[in-house]
Structure formats: structure tokens, C-alpha cells
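All residue numbers in the first sequence are consecutive under the numbering used here, ending with 109.
If you're looking for bench data, these hints aren't it; they were derived computationally from the structure.
What you are looking at is a predicted structure, and each value in this text was computed from that prediction instead of being measured.
Think of the CB as a built atom: it goes at the ideal place given N, C-alpha and C, for glycine as much as any other residue.
One or more hints might be untrue.
[Said to hold, decoys possible] Beta-carbon label-pair distances, calculated as ranges:
(1) Asn19 / Asn74: 18 to 24 Å
(2) Arg63 / Glu84: 18 to 24 Å
(3) Gln106 / Pro51: 24 to 30 Å
[As the list claims (entries may be wrong)] In the BS3-like style, the derived pairs of lysine-lysine whose C-alpha atoms are separated by at most 30 Å in a straight line are:
(4) Lys100 / Lys36
(5) Lys30 / Lys100
(6) Lys64 / Lys30
(7) Lys100 / Lys64
(8) Lys36 / Lys64
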Amino acid sequence: MKTNDFYEQVYQIVRLIPNGRVSTYGAIAKALGAAKSSRLVGYAMIHGHDPRLNVPCHRVVNRKGLLTGKIHYNTPNEMQRLLEQDGIIIIDDQVHNFDKVFWDPQTEL
DNA sequence: GTGTTGACCCCAA
DNA sequence: TTTGGGGCCAACA
1 MKTNDFYEQV
11 YQIVRLIPNG
21 RVSTYGAIAK
31 ALGAAKSSRL
41 VGYAMIHGHD
51 PRLNVPCHRV
61 VNRKGLLTGK
71 IHYNTPNEMQ
81 RLLEQDGIII
91 IDDQVHNFDK
101 VFWDPQTEL
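Could you put the whole structure together from the sequences, leaning on the hints where they help?
Here you go:
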């Protein structure tokens, strides 16, 4: 009952991401005290990509603000569209003004 | 039970 | 500056 808890923590933080903001896998992993397990966060997204979980995975990007996970969506344009719908500008598959829209769970939480 | 893959991150040459 | 390699942990074949 530990790994499941880790995923729950990830979902919890992702759900807390404010509108118009994005976060990173590394930041979330670090906030959970597992800075070296940043890949698990991404994995948690795949496993947690469920409607009832209500996890806005599109608001989570990699350290460079690149939409690495868009390929896992039904359509590659889905993720970008959702982000732009939140007021986030996407240029060349990466977040524009990334440092401005970046939401650090460790700082803001 | 072993080997490969992956929505990652960091450091060195 | 770009490129390459190591580490981390979990799921899959």
C-alpha cells in the first residue's frame, strides 16, 4: 500500500495545479520526496489517465516545458489544445513563458 | 526471473 | 554549443 499511495500523491498535486499554470514531473517528484523517481510521475500519469481520477495530465510537462506526453493522447493536438484552452501558449510543442506559468508545488503549496 | 522500455533529470566531454 | 552516458523505479514481454 505504498506505491499506490505514491500515485495518489501525484494525482493530488496534479489536481491542485491552478488554471493557467503548469508543473513538471521533476518538481512533483521532488515535492513528494522522490526527486530521483521523476519517471514514476510520468508513469503515474499513464496509469492514472482515468476520467474519474480527474487528473489534468496536460498541465504536466517535462523540465524544458516540452509536451512529451502528447503522443499518449488520442490526438497529438489534444494536449496542446487543452493547454491553450487554459490560457497557456504553446509554441513548437513547448510552453511559452514557461517560467511564468510554472507552478511549483513545493513553493506554492 | 531476466531484459527491455519509458509522459524524466543531471552531469561531463 | 551539441552529444553521450548514468541513474532511478515500475510495468511489460
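Taking the hints in turn, this is what the structure says about them:
Asn19 and Asn74 have their C-beta atoms about 23 Å apart, which keeps the hinted 18 to 24 Å range intact. As the Cβ distance of Arg63 to Glu84 is approximately 21 Å, the hint placing it in 18 to 24 Å holds. In this structure the hint that Gln106 and Pro51 lie 24 to 30 Å apart at CB holds, the actual value being about 28 Å. A threshold of 30 Å between alpha carbons decides the hint, and for Lys100 with Lys36 the separation of about 25 Å falls inside it, so the pair holds.
Restraint check for Lys30 and Lys100: the C-alpha separation of about 20 Å stays at or below 30 Å, so the hint holds. A hinted pair counts as satisfied when its Cα atoms are at most 30 Å apart, and Lys64 with Lys30 qualifies at roughly 16 Å. A distance of roughly 13 Å separates the Cα atoms of Lys100 and Lys64; the hinted pair therefore holds under the 30 Å criterion. Only pairs whose Cα atoms come within 30 Å are accepted, and Lys36 paired with Lys64 is accepted, the gap being roughly 17 Å.
Comparing the model with each earlier hint shows no violations; every hint is respected.
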